[in-house]
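Enquirer: Given next are the chains, with one letter for each unit.
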Amino acid sequence: MTATLQASAVPRPSAGSEAARRRRLAMVASKGTLDAAYPPLILAASAASLGWEVGIFFTFYGLDIINRKKYRKLKVSPLANPAMPVPVPNLIGALPGMTAAATSMMKGWMKAAKLPTVAEFLDIARESEVKLYACSTTMGVMGVAEGDLLPGVDIAGATAFLDFAAGADVSLFV
Amino acid sequence: MTATLQASAVPRPSAGSEAARRRRLAMVASKGTLDAAYPPLILAASAASLGWEVGIFFTFYGLDIINRKKYRKLKVSPLANPAMPVPVPNLIGALPGMTAAATSMMKGWMKAAKLPTVAEFLDIARESEVKLYACSTTMGVMGVAEGDLLPGVDIAGATAFLDFAAGADVSLFV
Amino acid sequence: MTATLQASAVPRPSAGSEAARRRRLAMVASKGTLDAAYPPLILAASAASLGWEVGIFFTFYGLDIINRKKYRKLKVSPLANPAMPVPVPNLIGALPGMTAAATSMMKGWMKAAKLPTVAEFLDIARESEVKLYACSTTMGVMGVAEGDLLPGVDIAGATAFLDFAAGADVSLFV
Chain A
1 MTATLQASAV PRPSAGSEAA RRRRLAMVAS KGTLDAAYPP LILAASAASL GWEVGIFFTF
61 YGLDIINRKK YRKLKVSPLA NPAMPVPVPN LIGALPGMTA AATSMMKGWM KAAKLPTVAE
121 FLDIARESEV KLYACSTTMG VMGVAEGDLL PGVDIAGATA FLDFAAGADV SLFV
Chain B
175 MTATLQASAV PRPSAGSEAA RRRRLAMVAS KGTLDAAYPP LILAASAASL GWEVGIFFTF
235 YGLDIINRKK YRKLKVSPLA NPAMPVPVPN LIGALPGMTA AATSMMKGWM KAAKLPTVAE
295 FLDIARESEV KLYACSTTMG VMGVAEGDLL PGVDIAGATA FLDFAAGADV SLFV
Chain C
349 MTATLQASAV PRPSAGSEAA RRRRLAMVAS KGTLDAAYPP LILAASAASL GWEVGIFFTF
409 YGLDIINRKK YRKLKVSPLA NPAMPVPVPN LIGALPGMTA AATSMMKGWM KAAKLPTVAE
469 FLDIARESEV KLYACSTTMG VMGVAEGDLL PGVDIAGATA FLDFAAGADV SLFV
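Quick mapping for you: the protein sequence lines, in order, are chains A, B and C.
Heads up: the first sequence begins at 1 in the working numbering, then just goes up one per residue.
Heads up: the second sequence begins at 175 in the working numbering, then just goes up one per residue.
Heads up: the third sequence begins at 349 in the working numbering, then just goes up one per residue.
Honestly, the hints are just simulated from the structure, not real lab data.
Heads up, some of the hints might be wrong.
Said to hold, decoys possible - Taking beta-carbon pairs under 7 Å as the criterion, some of the chain B residues facing chain C (in silico):
1. Arg197
2. Asp343
3. Val348
Said to hold, decoys possible - With a straight-line Cα cutoff of 25 Å, these simulated PhoX-like cross-link-like pairs (lysine-lysine) come out:
4. Lys69/A with Lys107/A
5. Lys462/C with Lys421/C
6. Lys244/B with Lys107/A
7. Lys107/A with Lys243/B
8. Lys421/C with Lys459/C
9. Lys455/C with Lys70/A
10. Lys111/A with Lys70/A
11. Lys417/C with Lys455/C
12. Lys455/C with Lys69/A
13. Lys281/B with Lys418/C
The C-beta atom is built at its ideal place from N, Cα and C for all residues, glycine as well.
Bound-form chain A, shown alone:
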């Protein structure tokens, strides 16, 4: 049976003092596979729909999600994830074409479940004023130039993220 989280119906003692300001969600997105890109994008869209202020800090492989050359081509690996709904033996998964096959399969599941694509989620994020930050420290490591970033993405350092997260109600590292 579908249930809402009962506890959420009970106001927290601190709710009174917090009612005056917007809630805030701060996330780090450190992974660049298609499957790992979804959780921060889903949470960002959900939080924005609740009126929260949201910031995502893309770092390391996560920079791919906001890289204009890569965000439409994120992939799922069929290897080393025995939790894949259709598990692929590693010896098969290593064959050429299998990463493309796993990616295509997951895109099909996403579509059937009517989940927006990564590009659509990024549009939702920008329309909802979700703040998108590229990690300045790891852009160099990953070979990402300023010109590689999607429009609407700013560059920020780890200290700026921490400062933002310190005022957040929920902080998550994905």
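With chain A held as given, fit chains B and C onto it using these hints.
Expert: Quick look at chains B and C alone, frame taken from chain A:
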């Protein structure tokens, strides 16, 4: 030498106002391998033992942990994790049977360390009134039906998780 | 254009009451690959540079980061990460020597970006009084003995971490 975290002995300035209510831990469990299932289950049991209110939101591969057909069969991959205590060359790790071997090896270590199994941890969680939620958005993507869920698991959306997490003392994405 | 997080310039309503105490960052480091070791070490150094109190709780594979036999030899896998800046076909990535090649490649990028090594980051952490804890529960599982830990690392349980994190401004699971 075993040490407790010294800082924890020092009351935080806000401790007074918070003393009246239970602490709360909110977690997302997004991975479905045996090794990745343990941290949220260990943290949930630990928090519950301290009297905390705990909620775990299972999403994407993490749904396997509360899937009655899968929770007893979670696996560890020997591939692509050079940090495995007994590292396996990838060419060997890709051979048929090696995922089963790595899983069996890790189960042996868990048992030797007297760590409960996933099934036992889930029992502890339910006995401790840890709230278990299956993510409604990703159940469709991962092909999980309501009937696949273990007893005691409710279905909730991302906004319900955010609402629960907003009142949490600690929120973690695993 | 480089931007700081605008929101961070706006004082949070609760900032007044919190100004008197140090901010606190609590992290779990659960992974032991070279790439996964960096985010908690970068965040710890950044937070410490801001004057924050920082504690990192190393668990499961993350114990490798503070294992004196292993911390200088953390590796990157070329397999199952299609987000690698120089993607390697899995069939090639599985060949002997490819994990070493991927590790060496990433170390080169880190060096070119003038990022400290893991050993240097650990020195920075200890000089900044970042608290380093090895998870007592998983040391046994992963076969880590007290004598394997780097100097300055204490042993703590999950409840101690939760207690520390409950007083943190930002908690992250890496």
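Enquirer: Work down the list of hints and note, for each, if the structure agrees.
Expert: Checked hints:
For the restraint placing Arg197/B at the interface with chain C, the shortest Cβ-Cβ distance is roughly 5 Å, inside the 7 Å limit, so the hint holds. Given hint, Asp343/B at the interface with chain C, holds; its Cβ is 4 Å from that chain's nearest Cβ, closer than 7 Å. A least Cβ separation of about 5 Å between Val348/B and chain C falls short of the 7 Å threshold, and the interface hint therefore holds. A hinted pair counts as satisfied when its Cα atoms are at most 25 Å apart, and Lys69/A with Lys107/A qualifies at roughly 19 Å.
The straight-line distance between the Cα atoms of Lys462/C and Lys421/C is roughly 19 Å, inside the 25 Å bound, and the hint therefore holds. Between the alpha carbons of Lys244/B and Lys107/A the distance comes to roughly 23 Å, so the proposed pair stays at or under 25 Å and holds. Under the criterion of a C-alpha separation no larger than 25 Å, the hint pairing Lys107/A with Lys243/B is consistent with the structure, at around 24 Å. Under the criterion of a C-alpha separation no larger than 25 Å, the hint pairing Lys421/C with Lys459/C is consistent with the structure, at around 16 Å.
Between Lys455/C and Lys70/A, the direct Cα distance comes to roughly 23 Å. Compliance with the 25 Å bound is thereby established for this hinted pair. Our distance criterion of 25 Å between C-alpha atoms is met by Lys111/A and Lys70/A, whose separation comes to about 20 Å. Between Lys417/C and Lys455/C, the direct Cα distance comes to roughly 19 Å. Compliance with the 25 Å bound is thereby established for this hinted pair. Distance hint between Lys455/C and Lys69/A is fulfilled; the C-alpha atoms sit about 24 Å from each other, no more than 25 Å.
For a cut-off of 25 Å, the pair hint linking Lys281/B to Lys418/C stands: about 23 Å separates their Cα positions.
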